[in-house]
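Spelled out, the chains give:
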Amino acid sequence: IHCVAILNRQGNPLYLRNFDKQQEDVKFHYLVYTSCDVIEERLEENKNGDLFLGLLQTIGDMAVYGYMTNTGKKIILVTSVSIESAAIRSARIKEICQSVHAAYIAMVCNPFN
Amino acid sequence: METDSAATSGWLEPSNNNNELLERVYVKLESVGFRVGKRLAERFAPMSRRLSDTLDIVKFVCKDLWMLLFNRQIDNLKTNHRGVYVLQDNKFKWFLHMSGNNGGAGAARRAQPYIWFPCGIIRGILDGFGISTVVVAETLGLPQCTFQIRVVSDE
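Here the protein sequences line up with chains A and B, keeping their order. Residues in the first sequence are numbered from 1 upward in steps of one, following our numbering. Residues in the second sequence are numbered from 1 upward in steps of one, following our numbering.
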């Protein structure tokens, strides 16, 4: 995983973490914002579906996955393209998104922040 | 009855000072409810499906959330399909144990602050789902209470 980002309904970034020491943060900011548009498209064609939106786009050697909660929070994961089959990878990424979602809920509900 | 009115009249006699005080209590309770509602929306929004329709979201509030908060569901939901929803609870939990002249007008007035907090909660939940609303509550007689949700569009 190269990057995890959480954005709110209006697209303002709430959290962005870069795990890749060779890339600059700016590059991931840019990637995350372009993925926002793809998320909008996916939502149009996929109403009443799952929270996980799947693979949004691949740029170079990186794949971008999206997940949107009911409250409008978007979780975006940027990973390197791997050799696993698409289905298995999707399921694993989906699990990661759900853990991020749970951690986000825990943080928001915490009255000490 | 004499002592009853003497004890309460100092608090609710219509005078500027008391109205201002009630106003501040209202704002405070409603905004605390709003913040609680926003977090409730994050915490309890369904993880398995997506809610896109406003009516679905209001129904979610009526069934799931009311069950979580008060262990029962809203008794009656009415809508004019143009952004106004009326939720009616005939046995509002917080009113069940309140005494007061068998639900007369005086008791209803004194119970007002208890109804402001749930108003804030409902408004907070709907805001969490991206719907701006104004929520007003009234009670016609304890233990019944009615919440009116009016969707505010951003134009």
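None of these hints come from the bench; they were simulated from the model. Since the structure is predicted, the reported quantities are computational estimates derived from the model, not experimental observations. Every residue gets a Cβ at the ideal spot worked out from N, C-alpha and C, and that includes glycine. Warning: the hint list may mix true and false statements.
Dumping the calculated DSS-like pairs for lysine-lysine here, alpha-carbon to alpha-carbon at most 30 Å [said to hold, decoys possible]:
(1) A:K94 - B:K63
(2) B:K93 - B:K59
(3) B:K93 - A:K94
Now the stretches of chain B that chain A is said to cover, found in silico as 3 or more residues with beta-carbon under 8 Å [as the list claims (entries may be wrong)]:
(4) 18 to 24
(5) 124 to 131
Examples of chain B residues lying across from chain A (beta carbon under 7 Å, computed) [unchecked claim]:
(6) R39
(7) A41
(8) L51
Status of each hint after checking the structure:
no. : hint          : result
1   : A:K94 - B:K63 : holds, 28 Å
2   : B:K93 - B:K59 : holds, 19 Å
3   : B:K93 - A:K94 : violated, 39 Å
4   : 18 to 24      : violated (count 0)
5   : 124 to 131    : holds (count 3)
6   : R39           : holds, 5 Å
7   : A41           : holds, 5 Å
8   : L51           : holds, 5 Å
Hint violations for this structure: numbers 3 and 4, all remaining hints satisfied.
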